[in-house]
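*Asks:* Chains as they are written, first to last, in this note's numbering: chain S, 28 to 142; chain R, 43 to 154.
These aren't lab readings, by the way, just hints derived from the structure by calculation. Don't take every hint at face value.
Dumping the calculated DSS-like pairs for lysine-lysine here, alpha-carbon to alpha-carbon at most 25 Å [as the list claims (entries may be wrong)]:
no. : chain 1 : residue 1 : chain 2 : residue 2
1   : S       : Lys-36    : R       : Lys-44
2   : S       : Lys-110   : S       : Lys-41
3   : R       : Lys-87    : S       : Lys-98
A short list of chain S residues far from chain R (calculated; beta carbon distances all over 12 Å) [to be verified]:
no. : residue
4   : Glu-42
5   : Thr-47
6   : Ser-49
7   : Glu-51
8   : Ala-58
9   : Asn-80
10  : Asp-86
11  : Lys-97
12  : Ala-108
13  : Gly-136
14  : Thr-142
A few chain S residues that face chain R, going by a derived Cβ cut-off under 8 Å, partial list only [stated by the list, open to error]:
no. : residue
15  : Gly-43
16  : Gly-67
17  : Gln-68
18  : Val-79
19  : Phe-82
20  : Gln-131
21  : Phe-133
22  : Gly-134
23  : Pro-135
Glycine included, every Cβ here is placed at the ideal spot set by N, Cα and C.
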Amino acid sequence: DGGITQSPKYLFRKEGQNVTLSCEQNLNHDAMYWYRQDPGQGLRLIYYSQIVNDFQKGDIAEGYSVSREKKESFPLTVTSAQKNPTAFYLCASSIIGRTEDYEQYFGPGTRLTVT
Amino acid sequence: RKEVEQDPGPFNVPEGATVAFNCTYSNSASQSFFWYRQDCRKEPKLLMSVYSSGNEDGRFTAQLNRASQYISLLIRDSKLSDSATYLCVVNGDSGSARQLTFGSGTQLTVLP
Chain S
28 DGGITQSPKY LFRKEGQNVT LSCEQNLNHD AMYWYRQDPG QGLRLIYYSQ
78 IVNDFQKGDI AEGYSVSREK KESFPLTVTS AQKNPTAFYL CASSIIGRTE
128 DYEQYFGPGT RLTVT
Chain R
43 RKEVEQDPGP FNVPEGATVA FNCTYSNSAS QSFFWYRQDC RKEPKLLMSV
93 YSSGNEDGRF TAQLNRASQY ISLLIRDSKL SDSATYLCVV NGDSGSARQL
143 TFGSGTQLTV LP
């Protein structure tokens with residue numbers, strides 16, 4: 028079955044450590060995205076990528092980094108510079124085509140807790 | 043003003059009731075509109091796209107009013123399984139055609 032996988036589902040880290048969240052898709056989508064969601068809030072875009080080896084900052088990129096070496100993979104690193112890293116992180120992907128093709132498909136998410 | 047605003051609720055309704063959610067957006071250049079559903083501690087999933095002419099999918103009806111910049115979702119004959127948070131989503135205008143802006147969501151609980 029086609030889909031998006033994220034691992035791990037739950038992640039615990041000590042403050043000051045970098046941590047990398049995995050996101051893989053086999054939908055053959057060109058575009059991939061990372062969001063964070065805090066309790067009672069909407070999703071906020073961290074980074075997105077429309078093509079391999081290229082990515083752009085979203086609204087809250089500070090303290091995060093990404094890479095897109097393969098079409099299927101878009102890992103997110105939460106660095107120690109991110110002041111409030113504890114959140115629910117969601118990866119998504121979409122096709123790029125007609126203007127109306129904005130539907131994004133989400134992975135199951137990773138809950139990161141930093142203490 | 044937030045780009046996409048929703049009444050957070052919670053909306054608690056009895057089974058079988060009709061419930062309506064509204065959402066307003068600030069970017070008049072937005073072209074694509076969606077309702078996503080998010081169950082507790084799960085990822086959002088597309089419920090339906092919203093077209094200019096309005097569209098219906100079973101018990102769900104979505105409407106778009108471009109002049110007033112609002113979107114609505116109507117759920118008829120609500121079921122217990124409709125309990126979730128409903129996210130209003132609009133394509134953003136941040137230099138990329140691929141960005142979506144999410145509302146904070148409206149929480150619905152359908153009671154037996």
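*Asks:* Against the 25 Å threshold, does the CA-CA distance of Lys-36 of chain S and Lys-44 of chain R hold or violate the hint?
*Replies:* 30 Å, violated
*Asks:* Does Thr-47 of chain S clear chain R by more than 12 Å, comparing its Cβ with all Cβ atoms of that chain?
*Replies:* 19 Å, holds
*Asks:* Does the no-contact call for Glu-51 of chain S survive, Cβ to all of chain R over 12 Å?
*Replies:* Since the minimum Cβ distance to chain R is about 15 Å, Glu-51 of chain S lies beyond 12 Å and the statement holds.
*Asks:* Using Cβ atoms and 12 Å as the threshold, tell me whether Ala-58 of chain S really stays out of contact range of chain R.
*Replies:* At about 5 Å from chain R, Ala-58 of chain S fails to clear the 12 Å cut-off, so the statement is violated.
*Asks:* Mind checking the alpha carbons of Lys-87 of chain R and Lys-98 of chain S for me, to see if they're no more than 25 Å apart?
*Replies:* 22 Å, holds
*Asks:* For a C-alpha distance cap of 25 Å, please report whether Lys-110 of chain S and Lys-41 of chain S respect it.
*Replies:* Holds. Lys-110 of chain S to Lys-41 of chain S sits at ~13 Å (cutoff 25 Å).
*Asks:* Taking the minimum C-beta separation from Glu-42 of chain S to chain R, is that value above 12 Å?
*Replies:* 24 Å, holds
*Asks:* Holds or violated: the hint that Phe-133 of chain S contacts chain R, with Cβ atoms closer than 8 Å.
*Replies:* This interface hint holds because 4 Å falls under the 8 Å limit.
*Asks:* Does Gly-136 of chain S really sit off the interface, with its C-beta more than 12 Å from all C-beta atoms of chain R?
*Replies:* Per Cβ check, Gly-136 of chain S is inside 12 Å of chain R; nearest 5 Å; violated.
*Asks:* So Thr-142 of chain S supposedly isn't at the interface. Is its beta-carbon more than 12 Å from every beta-carbon in chain R?
*Replies:* Per Cβ check, Thr-142 of chain S is outside 12 Å of chain R; nearest 20 Å; holds.
*Asks:* Could you check if Phe-82 of chain S really has its C-beta closer than 8 Å to a C-beta on chain R?
*Replies:* 11 Å, violated
*Asks:* Have a go at the Gln-68 of chain S hint: is there a Cβ in chain R nearer than 8 Å to its own Cβ?
*Replies:* 5 Å, holds
Of the numbered hints stated above, those contradicted by the structure are hints 1, 8, 10, 13, 15, 18, 19, listed in ascending order.
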